[in-house]
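Chain D is already provided as a structure; the job is to place chain H on it using the hints.
There are 2 protein chains.
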Amino acid sequence: MKHLLISILMLILPTTAMAQNVILINPFEVPKGQEAEAIVYWEAARDFLQQQPGYVSTELHQSIQPNARFHLINIAEWENIETFKAATSKMRKELTQKRIEGMKFYPALYDIIRK
Amino acid sequence: MKHLLISILMLILPTTAMAQNVILINPFEVPKGQEAEAIVYWEAARDFLQQQPGYVSTELHQSIQPNARFHLINIAEWENIETFKAATSKMRKELTQKRIEGMKFYPALYDIIRK
Numbered sequence: 004m005k006h007l008l009i010s011i012l013m014l015i016l017p018t019t020a021m022a023q024n025v026i027l028i029n030p031f032e033v034p035k036g037q038e039a040e041a042i043v044y045w046e047a048a049r050d051f052l053q054q055q056p057g058y059v060s061t062e063l064h065q066s067i068q069p070n071a072r073f074h075l076i077n078i079a080e081w082e083n084i085e086t087f088k089a090a091t092s093k094m095r096k097e098l099t100q101k102r103i104e105g106m107k108f109y110p111a112l113y114d115i116i117r118k
Numbered sequence: 004m005k006h007l008l009i010s011i012l013m014l015i016l017p018t019t020a021m022a023q024n025v026i027l028i029n030p031f032e033v034p035k036g037q038e039a040e041a042i043v044y045w046e047a048a049r050d051f052l053q054q055q056p057g058y059v060s061t062e063l064h065q066s067i068q069p070n071a072r073f074h075l076i077n078i079a080e081w082e083n084i085e086t087f088k089a090a091t092s093k094m095r096k097e098l099t100q101k102r103i104e105g106m107k108f109y110p111a112l113y114d115i116i117r118k
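Heads up: the protein sequence lines correspond to chains D and H, in order. FYI, the numbering for the first sequence is 4 to 118, going by this note's numbering. FYI, the numbering for the second sequence is 4 to 118, going by this note's numbering.
Quick caveat, the hints were computed from the structure, so don't treat them as lab data. The reader is advised that the hints may include incorrect statements.
Heads up, the list lumps identical chains together, so a pair's fine if it works in one copy or across two of them.
As the list claims (entries may be wrong) - No farther apart than 25 angstroms at their CA atoms in a straight line, the calculated lysine to any residue pairs in the SDA-like style are these:
(1) Lys88 <-> Arg102
(2) Lys93 <-> Glu32
(3) Lys96 <-> Pro56
(4) Lys118 <-> Thr91
Everything numeric in this text was worked out from a predicted model, so none of it was measured.
Extracted from the complex, chain D is given alone in its bound form (with noise of 0.2 angstroms):
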């Protein structure tokens, strides 16, 4: 019985696991007067992820407050490390557009932990 059960839940446990998305956040520092240039790389590495398989969302965050550390932060849904990784890795190799010179990225993925 006890044997059973656990065959049941190995069963039904990979399929909760996988209906939980990852979450990216991603805190950019933009060097000052290059804003425009960012938001245009940003669109550039969006389009090219959004056709990559595991890939749900993405939303650009822009600081109200322009002394902010992060004037832009990406938070983006993945559905899983695994899809995220190997897009992140496809791109780094494909991606034409040109980076902006100075500008720095802390991305890491997260899980909500508490309301």
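Quick look at chain H alone, frame taken from chain D:
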């Protein structure tokens, strides 16, 4: 007719503007080994802030990768800049929960500009 139209627009527009919440994004640098205390501090801040006028919602994100620069990122919605500033100013005076030594915050307000 033109004046009537402008009068109607002036009645409608402030309501539309108020409907656009502002988004607080607050990345935290948490000293190693103090992750649990940082969450306890965040919970106390949330309990205080959700009692204040203008609060809409909040979500605490924890990085899946242990080497992420920002171990925690809070994303909250407020009705507008004024209520957010009043609430955080009140919190700085009244919240008794001890802050975490060495924890760094980069809070700023954002609009979504691209999807």
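Indices of hints not satisfied (ascending): Per hint list: zero violations.
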